[in-house]
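Each chain is listed here by its residues.
Protein chains: 2
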Amino acid sequence: MISLIGIGSKREHITLKAVDKIKEADVIIAYYPYLEHIEDLLEGKEVLRRGMGDEMERVELAIEKEKEGNNVAIISSGDPGIYGMANVYFQIIDKYTDLEFEVIPGVTAATYSASALGAPLHDMAIISLSNLLTPLEEIERKIKYAAIADLVIAFYNPKSKTRTEPFERACEILVENRNPETPVGIVKTEGTETITHICKLGQLKDQDIHMSTTIIVGNSMTYVKKGHMITPRGYKMNAKLPEQTEEFYERFFNGDIQEGRNLECEYFPCHDGQESCTFCYCPFYPCADGSTGGNWITDKNVWNCKDCNWVHKQEVVDEILDYVKDNIKSMDDFDKKKKDLLKLRRATIYKTRDLDFNRNYDLDN
Amino acid sequence: MISLIGIGSKREHITLKAVDKIKEADVIIAYYPYLEHIEDLLEGKEVLRRGMGDEMERVELAIEKEKEGNNVAIISSGDPGIYGMANVYFQIIDKYTDLEFEVIPGVTAATYSASALGAPLHDMAIISLSNLLTPLEEIERKIKYAAIADLVIAFYNPKSKTRTEPFERACEILVENRNPETPVGIVKTEGTETITHICKLGQLKDQDIHMSTTIIVGNSMTYVKKGHMITPRGYKMNAKLPEQTEEFYERFFNGDIQEGRNLECEYFPCHDGQESCTFCYCPFYPCADGSTGGNWITDKNVWNCKDCNWVHKQEVVDEILDYVKDNIKSMDDFDKKKKDLLKLRRATIYKTRDLDFNRNYDLDN
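Those protein sequences? They're chains A and B, same order as listed.
According to the working numbering, the first sequence holds residues 1 to 365 in order.
According to the working numbering, the second sequence holds residues 1001 to 1365 in order.
Keep in mind that a hint or two might mislead.
[As the list claims (entries may be wrong)] In silico DSS-like cross-links for lysine-lysine, where the CA-CA straight-line distance does not exceed 27 Å:
#1 A:K21 / B:K1010
#2 B:K1339 / A:K161
#3 A:K240 / B:K1067
#4 A:K337 / B:K1161
#5 A:K144 / B:K1144
#6 A:K329 / A:K343
#7 A:K225 / A:K236
#8 A:K21 / A:K144
#9 A:K21 / B:K1226
#10 A:K300 / A:K225
#11 A:K23 / B:K1021
#12 B:K1200 / B:K1351
#13 A:K200 / A:K144
#14 B:K1023 / A:K10
#15 A:K144 / B:K1351
#16 B:K1067 / A:K226
[Stated by the list, open to error] Away from chain B, derived, C-beta distances all over 12 Å, residues of chain A:
#17 E43
#18 K45
#19 N70
#20 G81
#21 E181
#22 D208
#23 G255
#24 Q258
#25 Y267
#26 Q274
#27 D322
[Unchecked claim] Taking beta-carbon pairs under 8 Å as the criterion, some of the chain B residues facing chain A (in silico):
#28 D1054
#29 E1055
#30 Y1285
For the record, the hints were derived by calculation from the structure and aren't laboratory data.
No residue lacks a Cβ here, since even glycine has one placed at the ideal position from N, Cα and C.
Let the sequences and hints guide you as you build the complete structure.
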């Protein structure tokens, strides 16, 4: 039996099955730095340490050892199917008959890195920046369309001492296609320590990036709060409604609202750059989505929109007014239609994402 | 302490750290079906089973229990950061002070499913087809650009009894933007069993797909061999060169080759639909990449190009002839320039991918 085993990024993230399969193996074949994470499992086994670039040899050696009657483990860091040894292995299996084998999945760098950053993932792309075997134009095309698709993007193998061009091109393509204010998480593992840093996309090109760094580029909705990188999923939150909300919507339902700027209001302009008072109270309240600038008042269960002027942008009002007028006719409708409202909010963020969102996060916090 | 824990798709794929954290917990909070995988770890703990859609309540409950002094574990299947509980959690943490928490990554469905199919992954996208909280247009846009980028695509939450439209649209968008012959892997877990099925993209719409199915759509290079779905990474393989290769390239280096069809050759047409004999012997031999039709002769270490006519397509010859003429001037150059040749081959496959590739895989094998 040949087991292609992913051992994750750190010893603690190895799976039960991976441990079992390593224990059962007679022969262990690995790129040598991976072995330090499983040193204690290697006693009494034949251990074949190989260098980078020997992928083909590692696989042929495994098959040779299996044919001799051994249980063989080929070790990949992370997951063996994501830039690991599985693809190389399967490219040659039809050379041989009667091979027994299995792939043991592991925790890949994207999810491991995300766990150290907070919760940056949603729909996403994983792209390797190594152009050793992949033409740069292919990598560039993937980055461009992943950026346009607004996928969160995890970059693997971003840079080596001699290979810097794909990373430079990635930075250029990303800022052409995504807001330079987008948060980017940078994760390194040094020994047992995980080191994270969050910057803005526009600063990415100047960061200290190595071969084993993982980079996670947020999407249009990603924000940073208390040092965590967060991509909201869009659930409706529970929070106290401001007291005046009902009073405002009473007038709204009666058609008695002031569209546009309400210069006569004693609070005007209650928000910086306020273009419209049409939704004096936001129909999406409480969104609990810091990407537009709001935040929780700590320990009060109150969502605070003071730093969010999104619903006061004329372009946003134009997108949502008809839906709200036609569908929200009583306070109960906010609850009944909550999923549609969440989707409307999300669609409007996408349509108006070139507006200057108030991404008021503090990178050093 | 609140631990947001991913337990993978099956008990055996849980990580050591996840097990430790569950053992340390006083209170376990989970969507109830996930608990069956960790039943044996629950003794003596307060277990709060919740239903689908209670995400917010689960998080608030966890915080309440943590404030009472408990170690709390919130359980997600797969990884908590990919459509799991992490995003919901981080959306509300700034409501509270002094919360201690950590995210424990797990094996996500894409890598778990890939391990059951073979090695289908390379640069990839993960996209959820649930439009409960995400507008369908947003999902459609992501699918379209991921398809154009030629990313391998893993779809999560593809379909429910009432929610079929996103899956239908996905199938339509994919066949508009990718070869309908592209292999697609379908993976379901039933109890402890993993059930896999491979079909062609054009057949995907008619497959039996459920909420917990994972779908993996290959890229331009993905092929099926011996029932495994394989996306080649592009390594140079070791194999015996056919004897006449050197003789052919001797003539090639002397400029003494027959461009186009060689009607006078006694073997013409040695391949079906042969348009060009310019590369009587393929400069990329042995590619070990079944996507263009080749295969290994079992137990002989010989790569067999009989069913690959790719390098005999005029369009392919037009793409590669200048490079090969200018850069390969002796047999040694095949080795010295092997990385450039691999990239040229890959770039040419992309440029000419609308040609009718000979994807001669047998889905039932």
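Structure-based check of all given hints:
1. A:K21 / B:K1010: This hinted pair holds, its Cα atoms lying about 16 Å apart.
2. B:K1339 / A:K161: Roughly 18 Å between the alpha carbons, so the hint for K1339 of chain B and K161 of chain A holds.
3. A:K240 / B:K1067: holds (21 Å)
4. A:K337 / B:K1161: holds (21 Å)
5. A:K144 / B:K1144: The given pair, whose Cα atoms are some 13 Å apart, holds under the 27 Å limit.
6. A:K329 / A:K343: Satisfied, since the Cα-Cα distance of roughly 18 Å is no more than 27 Å.
7. A:K225 / A:K236: holds (19 Å)
8. A:K21 / A:K144: Distance of about 40 Å is beyond 27 Å: violated.
9. A:K21 / B:K1226: Holds, at roughly 24 Å.
10. A:K300 / A:K225: Judged against 27 Å, a Cα distance of about 17 Å means the pair holds.
11. A:K23 / B:K1021: Roughly 23 Å separates the two Cα atoms, so the pair holds.
12. B:K1200 / B:K1351: Roughly 22 Å between the alpha carbons, so the hint for K1200 of chain B and K1351 of chain B holds.
13. A:K200 / A:K144: holds (18 Å)
14. B:K1023 / A:K10: holds (20 Å)
15. A:K144 / B:K1351: holds (17 Å)
16. B:K1067 / A:K226: holds (19 Å)
17. E43: Check passes; 18 Å lies beyond 12 Å.
18. K45: For K45 of chain A, whose nearest Cβ neighbour in chain B is about 20 Å away, the distance exceeds 12 Å, so it holds.
19. N70: About 19 Å separates N70 of chain A from the closest Cβ of chain B, which puts it past 12 Å; holds.
20. G81: For G81 of chain A, whose nearest Cβ neighbour in chain B is about 4 Å away, the distance does not exceed 12 Å, so it is violated.
21. E181: Check passes; 19 Å lies beyond 12 Å.
22. D208: Non-interface label stands for D208 of chain A: nearest chain B Cβ at 24 Å, farther than 12 Å.
23. G255: holds (28 Å)
24. Q258: Fine: 29 Å to the nearest Cβ keeps Q258 of chain A off the interface.
25. Y267: holds (25 Å)
26. Q274: At roughly 24 Å from the nearest Cβ of chain B, Q274 of chain A sits farther out than 12 Å, so the non-interface label holds.
27. D322: holds (16 Å)
28. D1054: Violated, about 10 Å.
29. E1055: Constraint on E1055 of chain B satisfied, holds at 6 Å.
30. Y1285: violated (14 Å)
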